[in-house]
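**Q** Those sequence lines, one after another, are chains R and S.
Just so it is clear: in the first sequence, position 509 is 508 by numbering that gives the first Met the number 0, and no numbers are missing.
Just so it is clear: in the second sequence, position 321 is 320 by numbering that gives the first Met the number 0, and no numbers are missing.
Think of the hints as simulated: they come from the structure by calculation, not from any bench.
Being a predicted model, the structure only gives us computed values, none of them experimental.
Don't take each hint at face value.
Identical copies go unnamed one by one, so any copy, or any two together, can satisfy a pair.
[As the list claims (entries may be wrong)] As a list, the in silico EDC-like pairs of lysine to aspartate or glutamate whose alpha-carbon atoms are at most 20 Å apart:
1. 511 to 141
2. 248 to 276
3. 511 to 268
4. 311 to 352
5. 511 to 159
6. 511 to 163
7. 360 to 268
8. 237 to 169
9. 400 to 461
10. 360 to 280
11. 400 to 116
12. 237 to 116
13. 511 to 136
14. 237 to 202
15. 311 to 276
16. 237 to 172
17. 248 to 119
18. 262 to 463
19. 36 to 399
20. 36 to 475
21. 360 to 504
Number of protein chains: 2
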Amino acid sequence: MTVRNLLFIMFDQLRADHLGCYGHPYLRTPNFDALAKRGVRFTRSFVQSGVCGPSRMSSYTGRYVSSHGATWNRVPLPIDEVTLGEYLRTGGLGLDLIGKSHVTSDRHGARRLHLDEDGDLGRSLMEGSFRLIDRYDGHHAEPLGGYAESLRRRGYDSADPWTDYVIAAETPDGRVVSGWQMRNVNLPARVREEDSETAYTTDEAIHYLRERGDTPWALHLSYVKPHWPYLAPSPYHKRYRRDQCLPVKRHPAELQQAHPVLKAYRAQEECANFMRDEVIDRVRPAYQGLIAQLDDHLGRLWEELDRLGRWKDTIIVLTSDHGDYLGDHWLGEKELFHDTIQRVPYILYDPSDQAQATRGKVFDHWVEAVDTVPTLLDALGLPLPQHRLEGRSLLGWTRDKPAASEGWRTAVFSELDYAYRQARLLLGRRPDACHAWMVRTADWKYVHWQGYRPQLFNLRDDPDEFFDLGEEPAHDDVRSAMQARLLQWFGDLRHRTSVTLPEVEQGTHRYKEAGVFYGVW
Amino acid sequence: MTVRNLLFIMFDQLRADHLGCYGHPYLRTPNFDALAKRGVRFTRSFVQSGVCGPSRMSSYTGRYVSSHGATWNRVPLPIDEVTLGEYLRTGGLGLDLIGKSHVTSDRHGARRLHLDEDGDLGRSLMEGSFRLIDRYDGHHAEPLGGYAESLRRRGYDSADPWTDYVIAAETPDGRVVSGWQMRNVNLPARVREEDSETAYTTDEAIHYLRERGDTPWALHLSYVKPHWPYLAPSPYHKRYRRDQCLPVKRHPAELQQAHPVLKAYRAQEECANFMRDEVIDRVRPAYQGLIAQLDDHLGRLWEELDRLGRWKDTIIVLTSDHGDYLGDHWLGEKELFHDTIQRVPYILYDPSDQAQATRGKVFDHWVEAVDTVPTLLDALGLPLPQHRLEGRSLLGWTRDKPAASEGWRTAVFSELDYAYRQARLLLGRRPDACHAWMVRTADWKYVHWQGYRPQLFNLRDDPDEFFDLGEEPAHDDVRSAMQARLLQWFGDLRHRTSVTLPEVEQGTHRYKEAGVFYGVW
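Take these sequences, add in the hints, and give me the full structure.
**A** Here it is, written out as structure tokens:
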């Protein structure tokens, strides 16, 4: 069957190791796992940044962070960056959004070009070319948004029902407390499960699918969970006990001679708190509960695809924008370069007949977030703008074409810009000198920091990344080799984006036709 | 005196070693030298590319080629790139253009943003924000341009007087021959000297200066010479004899085990021709004649500045976009990484009283083309957009401020994209894999090629760059060190251009004020 529809499902802050199919020993995720059985699952999928905004912009543009330039959450996506939505629109299809995009509008860029931000084009570009069914970013109060309105319609009487119900809980003695405070996330959210963010988002998706019927569609279904605030609605808040959570990955060696930037991160409030067992003990079960809830709602979505007969013509990508430390490596939140953060689930369901032979297969080849755009364009038969795209289509894997996977990558790359973080202030650095780049191969992880020594981990001997060899003289050769890889990566970025490759081909060695005859005797 | 006016003089394809003040033993350039005596002269000034278009775009944007993306002549300057003209306009002044800019318009970018190319903004952006007094690129017939029109008014009866007179000559037996053919450049051009390109351009500049009077102005005066076609008008065509030209810098070692890309370049027509002595013998005197002519016209310009009293309030940058091989290194034309091409004159005249102490000084500190924009903005007291600019103001040197030159660079960087060249076809490479980067320090030159071994030259022992140590095992450590420098350079490029540095400062560690409270216990 020809691919006609596109469903790009993103979870926010979902660790790869927190799904059943990725090996969690207790957390049951039958619906995630069901998609992996229908499609293919990549065990080595990595994001381009451990921060929502830049990671997503790589997923949406098919370009690395150093190329698209939206290096952190508050950094606008430059107006000259082309996203999946724009490519699809050019191809006659729009990309609809339900949930989170984290696009920050480039208002400087728009003003500079006198672009009418309220016109059709302006509004589209300011949203990264998503067509908003209901954008909902979910990590701060959006009291005027569709979700808040829906909650009020359902009887939650509040100007800001998110703060008062969705991320609020009640103590046994009747006090209303906030889910922002992690001490409270053992309690259930005040919102009913069927009115929670995950339920609402799924309801919207189901409504969307029904409405579109047989008309081709493209949907970015972007859940805001299991991202903080970690409060889960009942009964998910108590679905898992602490002893059903993964052991905390941390080692005293990590605190001795820690890299200066990591030391600064650990001085930030969220990390200082996540070093404490009581915090980990309270948050991890709630985090697992939120994932269990997501899994149940995925089940609803799969059923709807069944009912509508959409499995036959819909390509599905399911992934996450990064992980969550939850106390691993003596850290909280995300951003840094451990696999806990950088490695994410990546499941690709390809409905085509050519993909029959690979259903349920598991690949350990390296996948990056930048692969999503070329994969989806490829599936819809749209041209791949290779002068911009830095990823590669994954259909060679689902369709078992050896040629498509020839010369496949042997390393993945990720980046961080911590200019906006307290860590920068603690380190006394200028805001233009806080960038870092990671190279990860099967055996090694190398992190190159502006102004600081590198980090290096031997992943064969030390898969948990406890022992930083960044200054070990014995590993000079490895560091040089990893630097050479990073240098090659920088060179291979798409620097020339204002002409297409066919245009260059057509213009090669043609100066005489333009009436120019230099060097003639 | 406050700097009120800006004169940015560019020559096209002018080698640094072809000026008196830069040490040419025969070629007299008293007017170039006079500016050096009034201002400061930099002996180690390098361009960001040995090709007109990308080099100029670095001069106009203050950014390296990998950042602005106009990697070769036909590659449009992306519409999101901000040039000196736009910075000046924001500061209340426009940048006028007389002569060559080599800006290629980003029509894809304009169409994508529905920008009216015929509106004020569109027309400006399509010209790199220059205000055209008379754009004249000079390396192909422009029969409808101002220069052709002026020639017709002066009696050159032709639809294309450039082809018929400016780059044509007459043989002793009365045949009209073309200056495109280098065999003819011992003959004088058919155009009268006072009607030549250099005279015309100078006339226009003088007219401009008179017209502006005491109103502040900013002018890019951009001569198209001594760029090919090499035909000089009488008497300059015979001003210099062959034995008054520089010796040819070439060594048989360069042809043995030549780097693959250089080998491919040498198979191109212009290089194959410049390997022959008869070509060198004929072209070099003409090239020197064109420079002698430029010098005489600079004298006219200086006199006009005297007459108008403009030395007191005008900052002047005088430089070139790259050199010309003229047979050095068994090569013709330009593009590659020898100093012959990459090193250019750079003279900076600062009218301010603070610059009195440095008049006539010569500096051997490293200057790059990207320094021009910050220098000129600094001189006019305009803000430096540090989130975009990759160069540094040179006023610390003219004004003798040690703080301004603290941590001054110890290497320069240049780039090449040969995707449009026959060399690519000869090498059978894809058009997205033809980029190279040069790192040059006082002691070493290192060139990093996509897909090929590097080049390395020991400039202490081999200042003429004859002996390529790119594969010498003994120099592994040097190559590693140079790679590390290149890696640092890539990291330090301005990847984040959609927010200013003050905006980042203001937004640092402020999430709680935005109603976000992650990581709180």
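**Q** Each hint: holds or not?
**A** Hints versus structure:
| no. | hint | verdict |
| --- | --- | --- |
| 1 | 511 to 141 | between (61 Å within a copy, 15 Å between copies) |
| 2 | 248 to 276 | within (12 Å within a copy, 71 Å between copies) |
| 3 | 511 to 268 | between (65 Å within a copy, 12 Å between copies) |
| 4 | 311 to 352 | within (9 Å within a copy, 78 Å between copies) |
| 5 | 511 to 159 | between (68 Å within a copy, 17 Å between copies) |
| 6 | 511 to 163 | between (72 Å within a copy, 18 Å between copies) |
| 7 | 360 to 268 | neither (42 Å within a copy, 54 Å between copies) |
| 8 | 237 to 169 | within (15 Å within a copy, 96 Å between copies) |
| 9 | 400 to 461 | neither (34 Å within a copy, 51 Å between copies) |
| 10 | 360 to 280 | neither (35 Å within a copy, 69 Å between copies) |
| 11 | 400 to 116 | neither (44 Å within a copy, 45 Å between copies) |
| 12 | 237 to 116 | neither (46 Å within a copy, 62 Å between copies) |
| 13 | 511 to 136 | between (55 Å within a copy, 17 Å between copies) |
| 14 | 237 to 202 | neither (24 Å within a copy, 85 Å between copies) |
| 15 | 311 to 276 | neither (47 Å within a copy, 71 Å between copies) |
| 16 | 237 to 172 | within (19 Å within a copy, 103 Å between copies) |
| 17 | 248 to 119 | neither (49 Å within a copy, 60 Å between copies) |
| 18 | 262 to 463 | within (18 Å within a copy, 49 Å between copies) |
| 19 | 36 to 399 | within (16 Å within a copy, 71 Å between copies) |
| 20 | 36 to 475 | neither (43 Å within a copy, 49 Å between copies) |
| 21 | 360 to 504 | neither (38 Å within a copy, 48 Å between copies) |
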